[in-house]
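*Asks:* Mind docking chain S on chain L? Use the hints.
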Amino acid sequence: MKKVIMGNHSLSYGAMLSRAQVISAYPITPQTQVVELLSEMCANNVLDAKFIKVESEHSAMASCIGASLAGARTFTATSAQGLALMHELLHWASGGRMPVVMGNINRAMAPGWSIWTDQNDSLSQRDTGWIQIYCSSNQEVLDTVIQAFKVSEKIMIPSMVVLDAFVLSHTYEVVDIPDQEKVDAYLPPFKPEFTLTPDDPHAFGGLTSPEHYFELRYMLQKDMEKVPALIQETAKEFEEMFGRYPGLVEAYRCEDADVTLVTSGTVGYTARVAVDMLREEGIKAGNLRIKVFRPFPFEIIRKILGEARKVAVVDRNISYGHHGIFYEEVKSAIYGFTKDIPIFGFIAGLGGRDITPEDLKGIAHYALKKDRPEEEIVWIGVKK
Amino acid sequence: MKKEKTMKLSLPEEEFINSGHLACQGCGATLAMRYVLKATGKRTVVCIPACCWAVIDGPFPHSSLDVPIFHCAFETAASSATGVKAGLEMVGDHETTVVAFAGDGGTFDIGIQALSGAAERNDDIIYVCYDNEAYMNTGIQRSSATPYGAWTTTTPVKHFKNRPKKDIDAILAAHGIPYLATASIGYPEDLYKKAKKAKDIKGTRFLHIYTPCPAGWKSRPEDTIKLSRLVVQTGIFPLYEIEDGERYTINMKPKERKPINEYLKLQGRFRHLTEDQIALMQEQVDKNWERLLRRVSSEE
Chain L
178 MKKVIMGNHS
188 LSYGAMLSRA
198 QVISAYPITP
208 QTQVVELLSE
218 MCANNVLDAK
228 FIKVESEHSA
238 MASCIGASLA
248 GARTFTATSA
258 QGLALMHELL
268 HWASGGRMPV
278 VMGNINRAMA
288 PGWSIWTDQN
298 DSLSQRDTGW
308 IQIYCSSNQE
318 VLDTVIQAFK
328 VSEKIMIPSM
338 VVLDAFVLSH
348 TYEVVDIPDQ
358 EKVDAYLPPF
368 KPEFTLTPDD
378 PHAFGGLTSP
388 EHYFELRYML
398 QKDMEKVPAL
408 IQETAKEFEE
418 MFGRYPGLVE
428 AYRCEDADVT
438 LVTSGTVGYT
448 ARVAVDMLRE
458 EGIKAGNLRI
468 KVFRPFPFEI
478 IRKILGEARK
488 VAVVDRNISY
498 GHHGIFYEEV
508 KSAIYGFTKD
518 IPIFGFIAGL
528 GGRDITPEDL
538 KGIAHYALKK
548 DRPEEEIVWI
558 GVKK
Chain S
1212 MKKEKTMKLS
1222 LPEEEFINSG
1232 HLACQGCGAT
1242 LAMRYVLKAT
1252 GKRTVVCIPA
1262 CCWAVIDGPF
1272 PHSSLDVPIF
1282 HCAFETAASS
1292 ATGVKAGLEM
1302 VGDHETTVVA
1312 FAGDGGTFDI
1322 GIQALSGAAE
1332 RNDDIIYVCY
1342 DNEAYMNTGI
1352 QRSSATPYGA
1362 WTTTTPVKHF
1372 KNRPKKDIDA
1382 ILAAHGIPYL
1392 ATASIGYPED
1402 LYKKAKKAKD
1412 IKGTRFLHIY
1422 TPCPAGWKSR
1432 PEDTIKLSRL
1442 VVQTGIFPLY
1452 EIEDGERYTI
1462 NMKPKERKPI
1472 NEYLKLQGRF
1482 RHLTEDQIAL
1492 MQEQVDKNWE
1502 RLLRRVSSEE
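Those protein sequences? They're chains L and S, same order as listed. Counting from 178, one number per residue, gives the positions in the first sequence under the working numbering. Counting from 1212, one number per residue, gives the positions in the second sequence under the working numbering.
Looking at chain L on its own, in the form it has when it is part of the complex (with noise of 0.2 Å):
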């Protein structure tokens, strides 16, 4: 079924037709109608779950453990300082292997209070052992949801799909709904090989000795390794199903490209307009949207941007006294892997001011006019 839906009721129909059985939620801005139709959905009997309305997010990602723990697929959504305020149990998630699923609305970090978009709240979280997924369309969102609960139930790694505020979180697209049955027949039931039940008992997360820690961190990150195969193979699956491939990444007339755009989120839908429009000036651009940024998709990374001229990365988030995020970890992917490619990193659109087409033509064209970076970043539409 057809029907026009913002950004934040993709993700509520995602966790709805993935039949998420506990919801623990809080409300900020602008997460709000994620949940405010989830309980709906709880209320109507339309979902059969248990909503828990907390009073903070970190009481709503200690519940999504527990009940995670209990052997019940969960799910929760939230923003910014709300997921800030889970950092801690965002290791726990992860550490205890609960494959919580969760919506980030990407919103920028206070203060000065902004409710707008850009990537430094859940790029803050990069190293809390989870999956990251940055979407680009209301479809996508939905699409990627079910397919983060089938992932991330296989491999019992939390999953966060990450959408921008406003740009797609409150913007209105067409999506297809897939049937419920169909759904059913891709992702299956929940069934956990551990679980907390009396009737096999048994003590999580307790002390544990220098002797077996690294051991419990070096399977973490050996099943982490796995997930880009895995996401590969459910979307396979998934487009058996229903016709679209939710991948790692997404590569827009690469191919032949002088000069290829590396984009995330909305950012990469901008992008492919540029291309059009700097392809019609007789310009070779390409863009490659990173979608899968945890765990990093080295190997498609290093095919794609291996045959790349000239690299462009687009960063809407900064790590203070370094670089834009992506623009390290790709040139942290790629180098002693290729030959030496030049790329370029750009900062734009911080707390939500527009990354336009225009924009991004301009990153293009500085990206061909040098021969190397000459600039440690390059601030696209700053007021200096």
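Accuracy of the hints is not assured; some may be wrong.
To be verified - Simulated pairs of lysine-lysine, DSS-like, Cα-Cα distance not exceeding 25 Å:
{"id": "1", "chain 1": "S", "residue 1": "K1413", "chain 2": "L", "residue 2": "K368"}
{"id": "2", "chain 1": "L", "residue 1": "K368", "chain 2": "L", "residue 2": "K403"}
{"id": "3", "chain 1": "S", "residue 1": "K1469", "chain 2": "S", "residue 2": "K1498"}
{"id": "4", "chain 1": "S", "residue 1": "K1249", "chain 2": "S", "residue 2": "K1498"}
{"id": "5", "chain 1": "L", "residue 1": "K230", "chain 2": "S", "residue 2": "K1413"}
{"id": "6", "chain 1": "L", "residue 1": "K538", "chain 2": "L", "residue 2": "K560"}
{"id": "7", "chain 1": "L", "residue 1": "K547", "chain 2": "L", "residue 2": "K508"}
{"id": "8", "chain 1": "L", "residue 1": "K461", "chain 2": "L", "residue 2": "K399"}
{"id": "9", "chain 1": "S", "residue 1": "K1410", "chain 2": "L", "residue 2": "K230"}
Just so you know, these hints were derived from the structure itself, not from any lab.
*Replies:* Chain S only, in chain L's frame:
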């Protein structure tokens, strides 16, 4: 009822805690767990945040309890238990009792927000606070449960704690939860009865259990039971229940309350106190006791 002729054990014999746990000698918290589990039984899940019990249970891959345990984050005993209960319900287990088992720091201080949230929602959990009146697992730092006058490593004798213990029970009662009780490991039958009663009630139930800590109180391990009876007999920690936030029952009214010095003098943490300071503390205990009596009579 038929009168029994043989001596009857006052508590069930079945144990859910095994030897080999890591508690100190004379640990009150260990007895609290033992009695609570006797009441809640085999179909219990325990959520333990950072506290002495995170260690007492034993390191991975061991556990000294026969019931499943979730070692959760410090401030999440209540919210974790809420999630566990919801999860169990959704996988078809409607029978298991979910117990949050936290120390005073995890309850009075860092965990109070999550606890208040669960209590306001009336989530179906038993929250047990075993109260040893300071952060003992980290090495005896003051908490808001530390009583007036006590020495801790962060309230040295020159600057002993000069604020009274937080009245956590009044705070919980103000949430209107169906059941709240104070208990002491010195009165195991009373404690057991209250845990059993809690088990059969739906909603948020709060048990506040007094548990001496010889290492932190500088008391003798063999005085643990004596202290946990004296604390009741002096009226410092009265045994009572509050139902629906308003119906008070005092379970033990000493005919004559013992002077608090009998209790204080067994503990090194109060050794520095002068007679005047002790007199002041006695006054406060008397006032608190009168206030409790007024609360009971106002309900009658």
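*Asks:* None of the hints should be skipped; say for each whether it holds.
*Replies:* Okay, the hints, checked on the actual structure:
no.: 1; hint: S:K1413 - L:K368; result: violated (28 Å)
no.: 2; hint: L:K368 - L:K403; result: holds (20 Å)
no.: 3; hint: S:K1469 - S:K1498; result: holds (15 Å)
no.: 4; hint: S:K1249 - S:K1498; result: violated (35 Å)
no.: 5; hint: L:K230 - S:K1413; result: holds (18 Å)
no.: 6; hint: L:K538 - L:K560; result: holds (19 Å)
no.: 7; hint: L:K547 - L:K508; result: holds (18 Å)
no.: 8; hint: L:K461 - L:K399; result: violated (39 Å)
no.: 9; hint: S:K1410 - L:K230; result: holds (24 Å)
Of the numbered hints stated above, those contradicted by the structure are hints 1, 4 and 8, listed in ascending order.
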